[in-house]
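Participant: Single-letter residue listing:
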Amino acid sequence: MHRYANPTRFLRIANAILPWSTAVMVAAFGVGLAYALVFSPPDYQQSETVRIMYVHVPSAWMGLFVYTAMAVASAMFLIWRHPVADLAARCSAPVGAAFTFICLVTGALWGKPMWGTWWVWDARLTSMLILLFLYLGYMALANAFDDRQRGAKAAAVLALVGWVNIPIIKFSVDWWNTLHQPASVNPMGESGIAIDTAMLIPLFTMALAFKAYYVTTLLLGMRREIAAAKVRALRMAAAQG
Amino acid sequence: MTRKKQRLYFIGLGMLALAGATALVLTAISDSLLYFYSPSDLEERPVADGQRFRLGGLVAEGSVDKAGDTVHFVVTDLVHEVPVTYTGILPDLFREGQGVVTEGRLNPGGTFQAANVLAKHDENYMPKEVADSLKETGLWKEGEGGYGDTGYGETGSDTGAGLTATPGAIQATSGGYP
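Residue numbers (the UniProt record's numbering), protein chains in the order written: chain H, 1 to 241; chain C, 1 to 178.
Bound conformation, chain H alone:
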């Protein structure tokens, strides 16, 4: 693990991955959007409204996935004090927050015609809203101190503590009665896959596109942060010299 904590080595690996993740992202978005918006069939009950799912569900997965990645990076930063791990967590937060927000908005747009309401305070919707606040709290805390290191530590602790919300979001629909339906893609559970193949393919393609987007923006963001740290160090040296 320590080998990747070296910023120079990290940059070399990041630069090697970036063209590939960008290519996967562009291809998956192209194919996924065409399938999701045009070629996939309308649902037997929701008709065309089902297309919201192709953005809503991958966004929700991203919200949970990115938060988990952020918590792992935060733990690595707290235990081994890797500065690159802190950068990974810092650069993940805005991406996760954006997708959580998209998930909440698309869910409301779907809920109005299907359920008859934009929003309800059931366990799934409420825990997802808390996830958005955790992201925003993380970003605020990470930048709240003049001493960057102190902000990084405080935010990393928040990221770890907030992780308990992730299983609550995931299993809220199984543990409690909610207006939100249970998971449609749940290979471990009894219900299995409850989505027809013609709809599952665009869903997974969109999920792949979102993941590739995350990898690309994360690497770009970390590269930018490393450059910014170099500039800070040079300015310090110049001011002292």
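Keep in mind the hints are simulated off the structure, nothing from the lab. One or more of the hints may lead you astray.
[Unchecked claim] In the DSS-like style, the derived pairs of lysine-lysine whose C-alpha atoms are separated by at most 30 Å in a straight line are:
id, chain 1, residue 1, chain 2, residue 2
1, H, Lys230, C, Lys66
2, C, Lys66, H, Lys112
3, H, Lys153, H, Lys170
4, H, Lys170, C, Lys128
This structure is a prediction, so every number in the text was calculated from the model and none was measured.
Place chain C on chain H using the hints.
Facilitator: For chain C alone, coordinates are given in the frame of chain H:
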């Protein structure tokens, strides 16, 4: 023990303690996290007449009776049933055999007077042709699978009954998981 090992154990133990505390809290407040009562929940924990709460379940087949603006129907979890009266506009997805969450009060006669009605969608997604062919070939398994473990029955119990096609049936005609 090195400082790094110490921090590792400290964080590991901290996360375990946090998980334990959260689990205890959630178990303690579990009842108040239910968004709605099913008819079986109502049987177990009666609600006072006139107290506002949410009642959820399936709209029983053949129970919808529209008289002008007012509609009468029965909400069931396939174990117990509650008759419901509602005046107003119903959501698009409201139909017999579909999930529904209503908010209102029980009147002394045992009828639930709903102030609003929300449709509850299930987790099954398929094109119309697939749904039609499932019905034609008899693979549309009404009355089994699905709802028993998806929030309509008593929490945790397996009533094993539902009114939707099972995922297995969907996969049988369309190939399922790629």
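Participant: So, for every hint listed, does it hold in this structure?
Facilitator: Verification of the hints:
1. With a C-alpha separation of about 72 Å, the suggested pair H:Lys230 and C:Lys66 falls outside the 30 Å cut-off, and the hint is violated.
2. As the CA atoms of C:Lys66 and H:Lys112 are separated by approximately 23 Å, the hinted pair is consistent with the 30 Å bound.
3. Between H:Lys153 and H:Lys170 the alpha-carbon distance is near 27 Å, which keeps this suggested pair within the 30 Å criterion.
4. Pair hint H:Lys170 plus C:Lys128 holds up; C-alpha atoms about 29 Å apart against a cutoff of 30 Å.
Hint compliance for this structure: hint 1 is the single one not met.
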